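Asks: Each chain is listed here by its residues.
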Amino acid sequence: MSRISLVGLAVTVLESIIMPFLLVGILRSCRSRLQKRRGPRVVQPLYDFLRLARKQTVLSDETGPIFKNAPVVSLTAYGLVALVVPWAGLPAPISADLILFVFLLAAARMATGLAAMDTSTAFGGMGASRESALSIFVEPTLVLALSAVAIYQGSPWLNALIATPVSTGGSAYVLPLAVAAIWICAAAETARMPIEDPVTHLELTMIHEAQLLEYSGPRLALMEYQAGLKLTVYYGLIAQMLINEIVIKTPITRWAATTTIMFCLVVLAAIIDTVLVRLHWRKLPDLLAFGLAFSLVACLLAALKG
Amino acid sequence: MHLEILIFIICTWVLAGLVPILAPQNKGDSTSAALLITSSIGIMLVAGAAINRSFLVTVHTQFCLAGIGPAFRFDWLCGWFLGVVAICTIAVALYAPSYMRHLRHEANARIFWVSLVILVAAMCGVITAANAITFVVCWEAMAVSSAMLVFTNHKERTTRTTGLIYLAATRISTLFVAGSFFWLHAITHSWDFTAWHVTGSLAMWPAILLVIGLVVKAGCWPFHLWLPAAHPAAPAPVSALMSGVMVKTAIYTLIRIFLVDHAIQSPVASYVLVIFGLITAFWGVIFTFLQRDLKRLLAYSTVENVGVITCAIGVSLIATQMGLAQIGMSLEIAALFGVLSHALFKSTLFLAAGAVDITADCHDIDKLGGLGRRMPHTMLCTLTAGASFCALPPLAGFATEWLLLHGCLQLALASHQPSLRMGALLLLGWLALVGALSMATCIRFIGVVFLGRARSLKAERARECGPTMRVGIAIPAVLSVAAGLLAPVITRFLAGLICPAHPTLFWTLPTGQLVILMFAGGGIMAMWLAYRDKGMPLLSVPAWACGGGISARMQTTGESFAQPLARLFGAIYRYDIEVRFDGSNARLFPDHIEVETHADATMESRVYIPLLRVIQRIGDLIAQLQAGSIHAYLVTMFATLLLLLAAAGYYR
Amino acid sequence: MTSLDSLLGNLLLITSLWMVGVTAISTKLTLYSVQTIAVGALATLVGIAHNEPALTIAGVGVLLLKGIAAPLYLSHLTQVVGCRKDLGTFISSPLLLLLASAAVGGLFLFHPFQQSVPPAALPSIGVILAGMILMVSRRLAVSQIIGFLVLENGMFFFTVTIPHSLPLLVELGVLLDIMAGTMIAGVLVFQISDSFEHIDILRLGNHKR
Chain X
97 MSRISLVGLA VTVLESIIMP FLLVGILRSC RSRLQKRRGP RVVQPLYDFL RLARKQTVLS
157 DETGPIFKNA PVVSLTAYGL VALVVPWAGL PAPISADLIL FVFLLAAARM ATGLAAMDTS
217 TAFGGMGASR ESALSIFVEP TLVLALSAVA IYQGSPWLNA LIATPVSTGG SAYVLPLAVA
277 AIWICAAAET ARMPIEDPVT HLELTMIHEA QLLEYSGPRL ALMEYQAGLK LTVYYGLIAQ
337 MLINEIVIKT PITRWAATTT IMFCLVVLAA IIDTVLVRLH WRKLPDLLAF GLAFSLVACL
397 LAALKG
Chain R
395 MHLEILIFII CTWVLAGLVP ILAPQNKGDS TSAALLITSS IGIMLVAGAA INRSFLVTVH
455 TQFCLAGIGP AFRFDWLCGW FLGVVAICTI AVALYAPSYM RHLRHEANAR IFWVSLVILV
515 AAMCGVITAA NAITFVVCWE AMAVSSAMLV FTNHKERTTR TTGLIYLAAT RISTLFVAGS
575 FFWLHAITHS WDFTAWHVTG SLAMWPAILL VIGLVVKAGC WPFHLWLPAA HPAAPAPVSA
635 LMSGVMVKTA IYTLIRIFLV DHAIQSPVAS YVLVIFGLIT AFWGVIFTFL QRDLKRLLAY
695 STVENVGVIT CAIGVSLIAT QMGLAQIGMS LEIAALFGVL SHALFKSTLF LAAGAVDITA
755 DCHDIDKLGG LGRRMPHTML CTLTAGASFC ALPPLAGFAT EWLLLHGCLQ LALASHQPSL
815 RMGALLLLGW LALVGALSMA TCIRFIGVVF LGRARSLKAE RARECGPTMR VGIAIPAVLS
875 VAAGLLAPVI TRFLAGLICP AHPTLFWTLP TGQLVILMFA GGGIMAMWLA YRDKGMPLLS
935 VPAWACGGGI SARMQTTGES FAQPLARLFG AIYRYDIEVR FDGSNARLFP DHIEVETHAD
995 ATMESRVYIP LLRVIQRIGD LIAQLQAGSI HAYLVTMFAT LLLLLAAAGY YR
Chain C
-7 MTSLDSLLGN LLLITSLWMV GVTAISTKLT LYSVQTIAVG ALATLVGIAH NEPALTIAGV
53 GVLLLKGIAA PLYLSHLTQV VGCRKDLGTF ISSPLLLLLA SAAVGGLFLF HPFQQSVPPA
113 ALPSIGVILA GMILMVSRRL AVSQIIGFLV LENGMFFFTV TIPHSLPLLV ELGVLLDIMA
173 GTMIAGVLVF QISDSFEHID ILRLGNHKR
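Chains X, R and C, in that order, give the protein sequences.
If you're matching positions, the first sequence starts at 97 in my numbering and goes up one per residue.
If you're matching positions, the second sequence starts at 395 in my numbering and goes up one per residue.
If you're matching positions, the third sequence starts at -7 in my numbering and goes up one per residue.
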């Protein structure tokens, strides 16, 4: 392993520990400011994590081993995701393709879904059911968008995202369309606004939160951290596509640009959270179909390049 | 040496068939099972030998069909499939004796064991057959013995009906396969598979006939309807064997004829396979999602898996035809690996479903629930198999899916034709959709059956099944973990077999690193949680149910879990949901709320039943001729004679 | 110039497909406006670059009249009539969006008009297709006007991508016809809305009986 990749590994690991808290903190405080509230501090999510990690676990009588172990499984899956996706602007420590990425996300989804079913409450089951219904759109969109990018870049490996494109004959719309598609996926996966209200306390409108309702203590801490990590990876991925053709000079500039763009995206997400209203559950396919259509058109334009 | 093992295997088969006949009722089960296991070990040895070096066994007999004696060829492809057969047979044989003890009042164990042995022998025969005649004979033996097994519980009316549906499907399959073989014989004047090399426009019709025949047997759309009919009726070990292995013999034949021997080269067939595969995968999975019957659900999921494997074979053919041999090979490996992984996880799932069925005496998933506490071992195995079914890394199902999807991606990258590239990309998206749906199915299945609270008294009374059954369930589950972890090795091995000249590396994922990281990361977290739980005991409280006490009826049922997606695909299911409120103040304080959902198996209700009605009507018309009146018969004969004379005069 | 062509062609295509999926009238008008301004600007640029005053004039006309005036007029119309969203489509709009994308994909991949249409003009055929889908699928009269305008955009883009294909006179005549058509359709919509208190095409059919 060369020195650059060692440094890259260290930076990636360090960032995947810090960034989730930071991004979630910025998102929350921005949203509060936009809504003319003072809001929590930027570092509040970290404090929350530490507080929860010290607390005693309260479990419901109904739950079994699956509920207890699901946070470990899903966080492990997300940990691996953070290691195979070059979201930090540096080559990912492990070289993998988009298929592994998507299936790791699926593994985490299955763990949380089963844990929610294990609570034997109506909310958990509803959350799991809705999440799996959403995944019908999210998974194909993600696969199609990322493979369009792969065709555009000329390599199936995710690390090719941060390299110079092999063939530049492709249409300039491939990346923007893929970004739009992945943005919609990210909104669905990270419980952002037109799809899900991140601050709601009405269980009936929740999707992701409903699955976590019964968690407490260290397990809740792991789940919250996992949500932050998901946000980080998605936004990092989008950032890579946005700067793909602009900044490829040195690893340092790329890393700096990525980080800046991630912060910008988080602010954008806060604005969207403030401006938009939550769609009715049955209207979600209308929105998610746009993601699918964008990724399909991206695929078409990528396929036409030769 | 090989011959000795073969003779030994045949002897054990004969013994395993004779013991239950000669022994008193229900006494020969264990002996028969032990003999079957012994023979399976023998099969494994033969499989190993066949993979090592291929050989031919010809039997010289006086009586033979069409002047061709039975001949068996053993090569690497046979070896691979024989191995799969052997593994599943061992699991099933371990499981079956105790299972059959539960059924002793309803079923005749003697017929069961004899048919089981014949089925295993016939499957081995189909896989190793060297010429078409041997193949068809074994194919028929397989069809009849498996139909006997479906009829095991023949005292029930539904079993008899479904058994007949299955029998009809196998007949149709044999008809098409035999028709194709006759056609090929007419072209090549040979019954030997190795002598067949048909290309060009000649190849199209035999290829299409063969594909249809095999696809009926494999259970592809639109011929899938025998699978969901036969599996719920058959005993669980039979379902496991039929869905895990017997369906795969059709896949084997596809691979043998089209991919390995190149007996027929027809571009049309490959596109037909891909289209069949894609529709089948989607159709299977969306109907899996709606089923309430435990085994019908699994039967539909078999339809899905068969679709994915068929699709892999088709894409592999297309890639090879486009001159991208490397990618074709990697997709071929995907299909072979898919056969293994599906056989493993589907046998576990069926055997576990059987265990649930006999211990809880219920196969409606909405009346089960909470079985995980009472049957932890079965739940663990089901969970493993389910995760493999959802293609979660690092299990065997993931290896299949990765090889297939990565192959499609490589095809999209390598080809120069925009339409092919787009086709490969659409395939990726479609398979991702199917994958997402199958995961929803899996969460629903495991969540409703094993997690939460028991929904009925029967489910509350369920207990873990006996030790031999547990071992039978666990073997394929453990092997599917092992196959997933060893995927790089197995893939390289298969690549070496398919193309001994350049066994290039196809598995390019750093599995080792990933697995180590996974175990390290997961282990650290689990240890931290365990440490925290130890330091501060868990506080156990009732679950929050908005102030009221929690009850089993509050849980999400299979029906309600399926609702969002069922609405989405409502047009395909003809899904309908009806809610009724009763009471004096029905709007605000209803006394009684009734929800009724309705869905249709569209293919059956819209296509097959009208079709059957038409056939029935034609039959009625013909039956009028056979009214028993001697005059009518004489008139018919006279008219036929006149017609024949007229025809003869015309053609002269 | 060709790269600009394909860039704008794809933009046109994406916005038209986007419109197929959208139900809000204002979003549709915005997208339409963006698309038309892009086409007009392209025509103007091509006209200047190739020294064809006819194309330049037509481009400016399209930009101003169709790209700015028509959307403003239509949005005024929708405000007066009081319809903000499509009442519903004959096929659900997400499915329609995917079907339209599939149709455009098929058009690009199989290229059915190889003889008569150069590859550069293919997006315009896609836009015409999307416009037709828009017209056929919507129940609201205003959406159908928009669909017609999108269709016309496709035709104009087609003429731009094929040099010397259309004399100025014809193009300007078409432009004026479009404007007149839009106005007349708008007035009609007013009238219909006044007399029947709705502009739902499906329900208009009932008045025949």
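Please note that the accuracy of each hint is not assured.
Only pairs whose alpha carbons sit at most 30 Å apart, straight line, appear in this in silico BS3-like list of lysine-lysine [what the hints assert, rightly or not]:
| # | chain 1 | residue 1 | chain 2 | residue 2 |
| --- | --- | --- | --- | --- |
| 1 | R | K928 | R | K761 |
| 2 | X | K151 | R | K852 |
| 3 | X | K151 | X | K164 |
| 4 | X | K379 | R | K421 |
| 5 | R | K928 | R | K852 |
| 6 | R | K421 | X | K164 |
| 7 | X | K379 | C | K77 |
| 8 | R | K549 | R | K852 |
| 9 | R | K761 | R | K549 |
| 10 | R | K549 | X | K164 |
Not the full set, but computed from the structure, chain R residues with beta-carbon under 8 Å of chain C [said to hold, decoys possible]:
| # | residue |
| --- | --- |
| 11 | P812 |
| 12 | S813 |
| 13 | V875 |
Calculated from the model, a selection of chain R residues having no Cβ within reach of chain C, i.e. all distances over 12 Å [to be verified]:
| # | residue |
| --- | --- |
| 14 | I435 |
| 15 | L619 |
| 16 | R815 |
| 17 | F887 |
| 18 | E990 |
Simulated from the structure, these hints should not be mistaken for lab results.
Fair warning: this is a prediction, and the values are worked out from it, not measured in the lab.
Ideal Cβ placement from N, Cα and C applies to all residues, glycine included.
Asks: Any hints this thing doesn't respect? Which numbers, in order?
Replies: Structure breaks hints 1, 2, 4, 5, 6, 10, 13, 16.
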